[in-house]
Amino acid sequence: MARPRDESSPLFAGNAAGTLRLIVYLALALVLMVLDHRNGWLWRVRYAASMVVEPVYRLANLPSAGMRTLSVAFADRKLLTEQNQRLREDLLLANARLNRMAGVAEQNQHLKELLDTQRSLNINVQLARVVGVDLGAYQQRLVLNLGTRDGVKQGQPVIDAHGVMGQVVEVLPKTSVVMLVTDPAHAIPVVVERSGLRTVAYGARDGSGLVLPNIPLAADVQPGDKLLTSGLGGRFPPGFPVGKVVAVAPGVSGMFRVAEVQPAADIDRSEDVLLLHDQAEPEGPPAPLIPAGPPAALAPAQAAAAGNTPAAASTGAVRTTLPRATANLPAATSAATPAAAGSAR
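Quick note, in UniProt numbering, the sequence shown goes up one by one and the last residue is 345.
No wet-lab data here; the hints were simulated from the structure. All C-beta atoms in this analysis are idealised placements derived from N, C-alpha and C, irrespective of residue type, glycine included. Be a bit skeptical, because a hint or two may be false.
Quick list of simulated restraints, FRET-style, between CB atoms [unchecked claim]:
| no. | residue 1 | residue 2 | range |
| --- | --- | --- | --- |
| 1 | 67 | 31 | 31 to 41 Å |
| 2 | 169 | 239 | 15 to 25 Å |
| 3 | 184 | 232 | 18 to 28 Å |
| 4 | 153 | 132 | 17 to 27 Å |
| 5 | 127 | 99 | 16 to 26 Å |
| 6 | 145 | 205 | 28 to 38 Å |
| 7 | 112 | 153 | 21 to 31 Å |
| 8 | 62 | 25 | 34 to 44 Å |
| 9 | 224 | 148 | 40 to 50 Å |
| 10 | 77 | 145 | 18 to 28 Å |
When you get a sec, could you build the whole thing from the sequences and use the hints?
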């Protein structure tokens with residue numbers, strides 16, 4: 001069976017015609033290369049052809065580029081979300097640390113002020129920390145972390161770096177209660193620094209500050225005057241700041257003026273306070289004197305002289321009420337006794 005003839009002959013067949021065709025093609029390629037090298041017109045053809053073919057390339061590459069863009073977009077979005085979350089957490093942590101550092105710095109500054117107060121006044125003090133606060137309308141109290149085990153006593157003055165805060169009114173083994181100067185039941189003797197007027201500052205009824213309810217009409221008290229402890233009564237040492245007058249108005253009765261006073265101490269902000277030690281006891285009425293009597297050495301002689309005297313025996317009340325006179329005149333009493341007996345006979 002004969003093999004069917006291939007109708008399509010190769011470009012370069014293995015005969016003379018194929019060889020001639022190859023030579024022609026090679027010559028044409030050389031001519032084109034020389035012309036392109038010398039004139040560069042073929043580059044313009046390629047440039048124009050690329051402008052026509054490039055949109056086709058872009059269109060063919062559009063699906064894969066879109067998928068790649070979407071994947072990158074989702075990955076970037078996830079990465080950005082995670083980074084944003086981490087940055088927010090870091091920011092919150094940094095703010096918390098900053099706030100804590102600010103609180104510690106403020107506390108250190110407050111402690112430094114307390115230490116400077118102790119050094120400047122050269123007084124014996126004890127540092128205490130506030131562990132409880134009761135700033136109601138009818139009661140102004142603080143609870144400190146020191147008690148009888150730490151040497152705290154009832155009546156001790158309590159100050160901070162700016163002024164007087166109050167005094168200890170109750171002492172427990174490990175804690176103590178302080179009545180503030182703004183308590184309605186508290187009173188403290190004060191003196192106006194500018195004019196020297198002495199008066200008493202009481203806690204306001206609403207616990208907002210202090211008041212001077214009994215200022216004479218002719219007294220020189222003005223807003224802005226500073227009040228210091230006067231030292232009267234012996235409870236608070238003199239010279240400690242108590243407050244500043246913020247307003248002066250006529251009283252209800254019209255016979256006195258009333259002044260509103262802002263406390264000098266940080267009543268609602270102090271976390272550490274100072275307890276004053278070695279202060280004088282409050283002054284009061286003198287103690288009753290012990291009844292005086294005859295010396296113990298003269299008691300037997302007085303008893304013998306009283307037994308030999310009939311008048312003294314009959315008037316025991318006189319001997320009881322005037323023991324000093326009888327003891328001072330034993331000889332006169334003995335000499336007078338025989339004469340009195342003779343006259344009686």
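Self-check item: residue 169 versus residue 239 beta-carbon gap, inside 15 to 25 Å or not
Solution: holds, 23 Å
Exercise. Kindly confirm whether 17 to 27 Å is satisfied by the beta carbon distance between residue 153 and residue 132.
Key: For residue 153 and residue 132 the Cβ distance comes to about 19 Å; the hint holds.
Quiz item: So the hint says 18 to 28 Å: do the beta-carbon atoms of residue 77 and residue 145 match that?
Solution: violated, 54 Å
Self-check item: Whether the CB-CB distance between residue 112 and residue 153 falls inside 21 to 31 Å
Solution: holds, 27 Å
Quiz item: Do the beta carbons of residue 67 and residue 31 sit within 31 to 41 Å of each other?
Solution: violated, 46 Å
Quiz item: residue 62 and residue 25, beta-carbon distance inside 34 to 44 Å?
Solution: holds, 38 Å
Quiz item: Does the Cβ distance between residue 184 and residue 232 fall inside 18 to 28 Å?
Solution: holds, 21 Å
Quiz item: When you take the CB atoms of residue 127 and residue 99, is the distance between them in 16 to 26 Å?
Solution: Distance hint for residue 127, residue 99 holds at roughly 25 Å.
Exercise. Go ahead and decide if the range 28 to 38 Å is satisfied by the Cβ distance of residue 145 to residue 205.
Key: With a Cβ separation near 30 Å, residue 145 and residue 205 satisfy 28 to 38 Å, so the hint holds.
Exercise. Take a look at whether the Cβ-Cβ distance between residue 224 and residue 148 falls inside 40 to 50 Å.
Key: holds, 42 Å
In this structure, the earlier hints numbered 1, 10 are contradicted, and the remaining ones agree with it.
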